[in-house]
Structure formats: structure tokens, C-alpha cells
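2 protein chains.
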Amino acid sequence: MSVPEAGVPAVSIREVGPRDGLQIEDPVSLAEKLRLVEALAATGVSRIEATSFVSPRAVPALADAELLAAELHQWPGIEFSALVAGIGGAKRAVAAGMKTVEYVVSASNSHSEANTRSTTEQATERIGEVVRIVHEAGGRVEVIVATAWDCPFDGPTDPDRVLRIAEQAKEFGADQFSIADTIGTATPGRVGRLIDAVGERVGDFGLGVHFHNTRGAGLASALAAVQHGVRNLDASTGGLGGCPFAPGASGNIATEELVYMLEDMGIATGIDLDASIRAAAVAEEIVGHTVPSNLLRAGDRKR
Amino acid sequence: MSVPEAGVPAVSIREVGPRDGLQIEDPVSLAEKLRLVEALAATGVSRIEATSFVSPRAVPALADAELLAAELHQWPGIEFSALVAGIGGAKRAVAAGMKTVEYVVSASNSHSEANTRSTTEQATERIGEVVRIVHEAGGRVEVIVATAWDCPFDGPTDPDRVLRIAEQAKEFGADQFSIADTIGTATPGRVGRLIDAVGERVGDFGLGVHFHNTRGAGLASALAAVQHGVRNLDASTGGLGGCPFAPGASGNIATEELVYMLEDMGIATGIDLDASIRAAAVAEEIVGHTVPSNLLRAGDRKR
Chain A
1 MSVPEAGVPA VSIREVGPRD GLQIEDPVSL AEKLRLVEAL AATGVSRIEA TSFVSPRAVP
61 ALADAELLAA ELHQWPGIEF SALVAGIGGA KRAVAAGMKT VEYVVSASNS HSEANTRSTT
121 EQATERIGEV VRIVHEAGGR VEVIVATAWD CPFDGPTDPD RVLRIAEQAK EFGADQFSIA
181 DTIGTATPGR VGRLIDAVGE RVGDFGLGVH FHNTRGAGLA SALAAVQHGV RNLDASTGGL
241 GGCPFAPGAS GNIATEELVY MLEDMGIATG IDLDASIRAA AVAEEIVGHT VPSNLLRAGD
301 RKR
Chain B
304 MSVPEAGVPA VSIREVGPRD GLQIEDPVSL AEKLRLVEAL AATGVSRIEA TSFVSPRAVP
364 ALADAELLAA ELHQWPGIEF SALVAGIGGA KRAVAAGMKT VEYVVSASNS HSEANTRSTT
424 EQATERIGEV VRIVHEAGGR VEVIVATAWD CPFDGPTDPD RVLRIAEQAK EFGADQFSIA
484 DTIGTATPGR VGRLIDAVGE RVGDFGLGVH FHNTRGAGLA SALAAVQHGV RNLDASTGGL
544 GGCPFAPGAS GNIATEELVY MLEDMGIATG IDLDASIRAA AVAEEIVGHT VPSNLLRAGD
604 RKR
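Residue numbers (this note's numbering), protein chains in the order written: chain A, 1 to 303; chain B, 304 to 606.
Residues on chain B that point at chain A, a partial pick, calculated with CB under 7 Å:
#1 T490
#2 A523
#3 L526
#4 S553
#5 M564
#6 N597
#7 R604
Just so you know, these hints were derived from the structure itself, not from any lab. Computed from a prediction, not measured in an experiment: that's the story for all the values here. Backbone N, C-alpha and C define an ideal beta-carbon position, used for all residues, glycine too.
Next up, chain A with everything else stripped away, as it sits in the complex (with noise of 0.2 Å):
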């Protein structure tokens, strides 16, 4: 077994810190988001999750994300994408320009339910229509599951709950597909048999993969999904997206780890490290408390 060399395919990180990162935070303005996403920018990262259509109540961080969309013009280079969890979410991303629509399906019941107040197959069959909306609109649509791996109520997710909905997506026209280890309990084994039986069961969907490092293992995750052939990962800088319930908890990988790892590897990510470092520190800011970033506190290795 080896990993991969110099040479092999680039890989494509989308930087979800405004999203899954700010989420959980007490709310920050929007100008304070603006400047995090110029910081991102400035990175040179092609894809950013700028917000999710959702319940202000429910999420209040993000109850200004109409006001965001807005100004998401000013930077014409970057697939900027929101996160929507129904029909009424979808409707509100594309009303406010959003050009790709994340939906999300949770492949457990119970945190389905809990979530969304629908179970998994009421959630999967929404799909269609999210697509309709998105479609009209001129957008393209990514089906996300959460809790492919494992459910903070069910335990261990049966991999076929994934593969079905990986294939309803596909059957109502979705444009790509990811994977997220919603509670950041994965582990490479059971990363890469996932990543191989979504590609066995609906081929090649431009799968993208979500992890989180709440056990330290979340680079090591990515490693194997990158092993696997997958090329498009998420990432939120600094690390943010703890839980706001334990203090100290990592949240999502890295995005500046996961570009040092891959970088140092010889895989593309045409994300500059110096701009992702800064960008952290300036997310370390925004919100005020430390973020769970090792290299933000050891710099590169260069230095």
C-alpha cells in the first residue's frame, strides 16, 4: 500500500467555516463575515459554504443569510453554496441567488427526526422536488448525508441507509453527492469501505467527503478518503465548528492542516498556506476564543 504521489489529481477543498464554523458561534455581524470571507478569499480556495437557509430560531448565527447572499458578488471567482434542510429552505436559497444548494438527508432516523421532523425516506423523497427548485432556477443541487458513519442517538450507521439515499439522489438528477461524519466519530477503515460502496452502488458522482476532528482522527480520515479517490473534501478554517456544549472540542478538520498535509504530499489544493494561516487567525478573532487549529499555533514548517 502506498499513498499518493506527486502528480496525482488535485484535490478540491470547500471551505465551510462560515457555515459550519460560525453556526455554533454567539452571532457575529456581517461585516465581521464579510471580512472572514475576503480572508478566504484571499486564499485562493474556489468553493466556500457561505451560510444555510434554515431557522433563525433554530440558528440564529446564520439568521442573516438572505443579507449575506447578497453580497456574496463581490468575489465572481467562487462557487459559493448554502446549506438547506426542506423545500422552504431551498426556495429561500434560490430566491436570494444562491447558484448551488446543499440539502441535506440524514442517513439516521432519529437525528432525522430530530433535526428535521421527517424520517430519512420523507427526507430522501424531498429530493426530487429540491431539485426541481434548484433546477428552475438555474442551480445544481449536492445531496449531503449526515450521520453516514455514526448517530449520536443510533450508534453506528447500516451503510446501506447511505447507499439508498446515494441512489434516490441520483435518480432525481442531483449533481453531486457527499458523505459527512456529522459527529466526528469516523475512522479511515470504515472512511474508505463507505467512499468504495458509494462508488460501487451510483459510480462516479463527484462524491465529496465531510469530517470532522472531534476524536483526532479527522486528517487521518481525509488521508484515507483522498486514498480512495476522492477529490473534493470539506474543511472550515481554524478548525471551527466545535460544539458549543464542550469547551475545547475541535470542530470540523482544518482547512489550513488539511491544505499543509495534502500540500506537503505534492496534491495540488490551490490553496496558498501563508493566506490560509492568516485567514485562521483572523476567524480566531471573529469569534473571539481560541480555535482548535495545531498549526495556527506552530506555523509552517518553512518558518
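Place chain B on chain A using the hints.
Same frame as chain A, but now just chain B:
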């Protein structure tokens, strides 16, 4: 490419918290160290790096090496080792009853001179004398190459410098050989290549690896090492071992996070995860500050 599945040879983790973890902390009492060793012994770990026999002025936290060594008979099932940086240290270690001695040679000349006032060549030549001293006392010698990938002063280390030390270690009759990412800059690609190169140069030499998580890629590098056939990995309870001059900087890869990842991949470690998390909590209590273990904050996934 794939990652190891259930049934692959088990991995042996050496716990280095009492030495590499505590060496940069404010000195803790012998009683507290013994309490930590007791907590570690309860995890099922079979190898512990207990202390080092170096200058008490340089490393005041380990000035009680002889006193600690005299207590280790309490845990007869565990192989305890001690690190030394020269002939004097080797003599002290065997006089104190240590049966496994780790002799460190820095592959980077500047690092070697800064730490031992010897060039890499001079330090390498001493392997023979260290082996003689330890073997005469009935012990075994592991040669550890520091700065095996990068040096804080000289930048990237020429792999051939590591390979020449490996050859010399074998010629001088050392029993085992390890490579250490002293400053936490290694990434999976370079890890795999150096491991392969060592194997090609000296064959089966019980190769061990030692990673820090300074830039977040520690567990990913450990994964790469296992994928490349390494079965001996160092780790530190709670991720102890950060730099005292960089608050919040992470240290060695955390034992409990390595155990979590490997066991979840079906790779047996012989270490009980719950006991390992408890030991990390003891470590945190003893050093009196938050330790950089995400898993310690989050808990096992089964909870």
C-alpha cells in the same frame, strides 16, 4: 489503495508520556509520576518510556530518573525504557536497572550539536559503545533517529542521513531502530517513503515511529506508517509533549486517539480505550492544565 482491515498484525504502542510528555512540564513529584504509571499500566499498555538519563540541569522535570527507575519493579509485566543521549546516560540507565535503553542520534547536524555538542557522525559512532554497555548489563538498545524528516535549524533532512544511521545501528548490534518526527512536520507521503527506504536499506529491524501532532497530521502519519508495515508506534497520554513556549501547542500524538483510530479500524492494540481515556484525565490533573486530546474532551463514540 486500501487501509488495513481487521485481522492485520497487531500494533504495539509505546507510551512515552512519562518521558517525552513530562519532560517539558514543570517538575511533578515522584508520587504523581507513579500515579500516572499506575493509570497507564491499567490500560494494558505493554511498553512505557519511563524517563531519560540526561542532564538534570537541561531537563529538571526528569531529574528523578534513578528514583523513578527504582520503583518500576512494581509493574513486572511492562517493558520500561529510558532515553539517553550519550555514554554517561547509558551507564546511569543500566546502573539504575533499566533493561531497555533508547539512544538518540539526531540526523540533523545542527540539531545534534545543539543538543549533545556532537556532530551526527560523532553521535553515530558512539552507538557501538552504548550497545556494549547495555548488552553487558543484559539489556537491549533501540537507536532512535531524531529530526528524521525535518530539523528546526537545517530544514528538510536528507533521507540518506537517516539511512546511514540505520546501517550503522545495525552494524553496531543495536536491537531496534526508530525514526522520530521531532518537530511535528512530517506528513503521510514523506513518512511512507522514509519507512520504505529504511526497510530497503536495513531490512526488518523492528522499525518504530514517533510522531508529534504539532501541525495536525500526527494520526494521518501514524496511519501511513501502519499502511507501510510499521508495527511499533510511540504515543503520549493526553497528547502531552507540547512546547512550553507555545501555549496550546499540541504534543505527541495522543495515545487514546491512536487507540481509538486503530481499534475502530480493527487493528488490535492491547490497550483498553476507556482506561486510556482515564489515564489521560490523570495526566491532565497531574500537569495542571488542559492537554491537547480531542478524544479526552469528546469521549468514545459508544457513549
